[in-house]
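Peer 1: Each chain, letter by letter, is given below.
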Amino acid sequence: MRDVAILSYAQTPYVRTERRRNEVEMLMPVIDEVVAGSGIPRREIGFTCSGSTDYLAGQSFSFVMAVDAVGAWPPITESHVEMDGAWALYEAWIKIQCGEVDSALIFSFGRSSMGETAETMTLQTDPYTMAPLGPDAISMAALQARVGLDRGLWSERDMAEVAARSRRHAKTNPDAQLKGDFDVDQLLAQPYLVDPLRKHDCPPVTDGAAAIVIAADGLARRSVAKPVWIRSIEHRLDSHQLGGRDLAVSPSTELAGKRAGVAQGRIDFAELHAPFTHQEIILRRALGLADDLVVNRSGGALAANPIMSAGLARIGEASRQIVAGQGSRAVAHATSGPCLQQNLVCVLEG
Amino acid sequence: MAEHAAVIGIGQTKYDAKRIDVSQVGLIREAARRALDDAGLDWKDIDAVVIGKAPDMFEGVMMPELFLAEALGGVGKPMLRVHTAGSVGGSTAIVAASLVQSGVHERVLTVAYEKQSESNAMWALSIKLPFSVAMVAGAGGFFAPLIRGYMRRSGAPEDTGIRVALKDRLNALKNPYAHLKLPDVTFEMIANSPMLWDPIRYLETCPSSDGACAMVISNAKHARASGKQPAWIHATQMKTEPTSFAGRDQVMPKAGLECSRELYKKAGISDPRREIDCAEIYVPFSWFEPMWMENLHFAPINEGWKMTYEGATALDGDLPVNMSGGVLSSNAIGASGMIRFAEAAMQVRKQAGEHQVDRARKAMGHAYGGGSQYFSMWIVGDQPL
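So the protein sequences, as listed, match chains A and B.
In this text, residue positions in the first sequence follow our numbering: the first is 1, and each later residue adds one.
In this text, residue positions in the second sequence follow our numbering: the first is 1001, and each later residue adds one.
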């Protein structure tokens, strides 16, 4: 395996509604920044891969316009996954492992404000057996939270503490959307949004984009002062049928974490893609993380949840924190699908 | 390249206008099961799954790979979903190959599909968006002016497209999986079919199909042990350019010219017309055969039509093109690119039955998408490179 490192990360400030810019206009400054930060001239980046979904834009082939943001002229070697950008990063990492290219630009984007996100996610479920029942994203997460509560695996207070900590952490992240000091007792005094979830248990609706440049071996060392090495990257998937799996655990995260060797060294901090409070608890346990480990110093998806970028952003945030000297070995995680169906785990080292 | 990769199993569904006998799950499973059977493998032997399809709005399911993964034995495995417009079937095969070439996996299942009968593809492509020009033209309306441009530049005889369509429709009669089969097709029948988007006639156009195509791609160790002729992957390439800007040549896109040039270089090919034995390329409208013959450096610029006219691209010509009947005979959009790649592999594996090119030892698969701006291609051979 070739050693591959993250050279730079950039993102938009996360906002509830991006009113003035379309996707291409959101991406252009992000791509300029990430390419400049990589130290590699744009024309010399060997591969480009993006992640997005047509169902946020409400348009077929919505990723085609994004090509305008990367300057694909002369033509570029490029690919796209209909997945979170974290999986675009995986495809690019594979391309580098093939020895075909030495560097890659990865980006992802989405404007959730264009529709009713929670209801749009209903269309992500099995169209024959599940979608006709109309479960929205929050209701499905509520079923999952209920399983753990009934089994005594977590309490509503545990969940509120995740929310309060995430938004307290977000105070130091200038790009975060929801931040501030919240009292857990006051949070618990709020009414349910979808029982047993209160508003603070759920992610905000966010518009945003993110981008990363990676490179191999010597090129990475020559290009930036502090490359952040991707020591491992693994992803796995669980069944789509909510009634066909134990929602209180995440076997795919556990398996991906084992394959990625999370436990084979000290972990200094983690960035976990947990859009709902109880999901952070599930993920910590699946990855075997210590109770006192710093998780989501960025605020995580509870502080800003740019769909299709929120996973890539965890990897980018973790790399940023390593560069800033806030630890030398970190776990970053991305998820996709209802109730943590698909999960990617990546170990980063400074 | 760290590892050699080869196609060791291929499966296709019967392509049809409406496969109402199966769900999306049943459709992909039919192709995948056939590919596994061809490879002599079972679900448990597969390390990772790569799914490709064109826009999700064609079936009205957001990221359908999430609900399809289980039917492909994907639980507990890595699963990727590729989408690069019309070229996606090819790109999906290329991503699956790269999982093996990187040394990360040994046996990968890849499936591409479309079930177009669940919606209306033409209108799914023509949604009116705020602050943008509404095309409301479907793909035919988009590509007809490019064909006009080619006719004007090349001076090609007006009936070139009819000749392409006749050849592909006759080839389709030899392919048991083909959707559109016209046993009594003639030059006159095509020439007299209604003009849809001038200069594209009804019978010079692809149908709208349901269908799936699957392949098992493995490393050299498993390919040699498989007991059947593998299709060794010599080279793959993808290339993209923007949809539109002043000065862009949409008739002869630079991305296609460069993609094929780089592909041949990787595959050690210096004279593609002589060294490649047959090619299965993405021709959704008849005239794209001569256009792509030039774009792929098989013919000099403005002379691609001569290959069609002289019969070079016929099944018994010196470079048979679209032996399966091509996209003109089966077009499940998301699968169409992979069907091209799979046909190239079938040819070098000598699996193509009545549409087999006997001398096929090196074959090309090609796909394109968007506004002639996304390209994916591969070269496969009966021996490793």
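Read the hints as simulated data drawn from the structure, not as lab findings.
Among the clues, some could well be false.
[Stated by the list, open to error] Not the full set, but computed from the structure, chain A residues with beta-carbon under 7 Å of chain B: (1) 94; (2) 98; (3) 101; (4) 155; (5) 232; (6) 242; (7) 243; (8) 326; (9) 328; (10) 341.
This structure is a prediction, so every number in the text was calculated from the model and none was measured.
Positions of the beta carbon are idealized from the N, C-alpha and C atoms, including for glycine.
Peer 1: Each hint: holds or not?
Peer 2: Going down the list of hints, with the structure as the test:
At its closest, the beta carbon of residue 94 of chain A sits 5 Å from a beta carbon of chain B; the interface hint therefore holds under the 7 Å criterion. Interface hint status for residue 98 of chain A: upheld, as the beta-carbon distance to the closest one in chain B is roughly 5 Å, under 7 Å. Checking residue 101 of chain A against chain B: minimum C-beta separation of about 11 Å lies over 7 Å; hint violated. Evaluation of the residue 155 of chain A hint against chain B yields a violated restraint, the C-beta minimum of about 30 Å exceeding 7 Å.
This hint is violated: residue 232 of chain A has a C-beta 11 Å from the nearest C-beta of chain B, more than the 7 Å allowed. Given hint, residue 242 of chain A at the interface with chain B, is violated; its Cβ is 11 Å from that chain's nearest Cβ, farther than 7 Å. Taking 7 Å as the C-beta contact cut-off toward chain B, the hint placing residue 243 of chain A at the interface is violated, the least distance being around 13 Å. Checking residue 326 of chain A against chain B by beta carbon gives a least distance of about 30 Å; that is not within 7 Å, so the hint is violated.
Proximity of residue 328 of chain A to chain B is violated relative to the hint, the smallest CB-CB distance being about 26 Å (cut-off 7 Å). Evaluation of the residue 341 of chain A hint against chain B yields a held restraint, the C-beta minimum of about 6 Å falling below 7 Å.
Hint violations for this structure: numbers 3, 4, 5, 6, 7, 8 and 9, all remaining hints satisfied.
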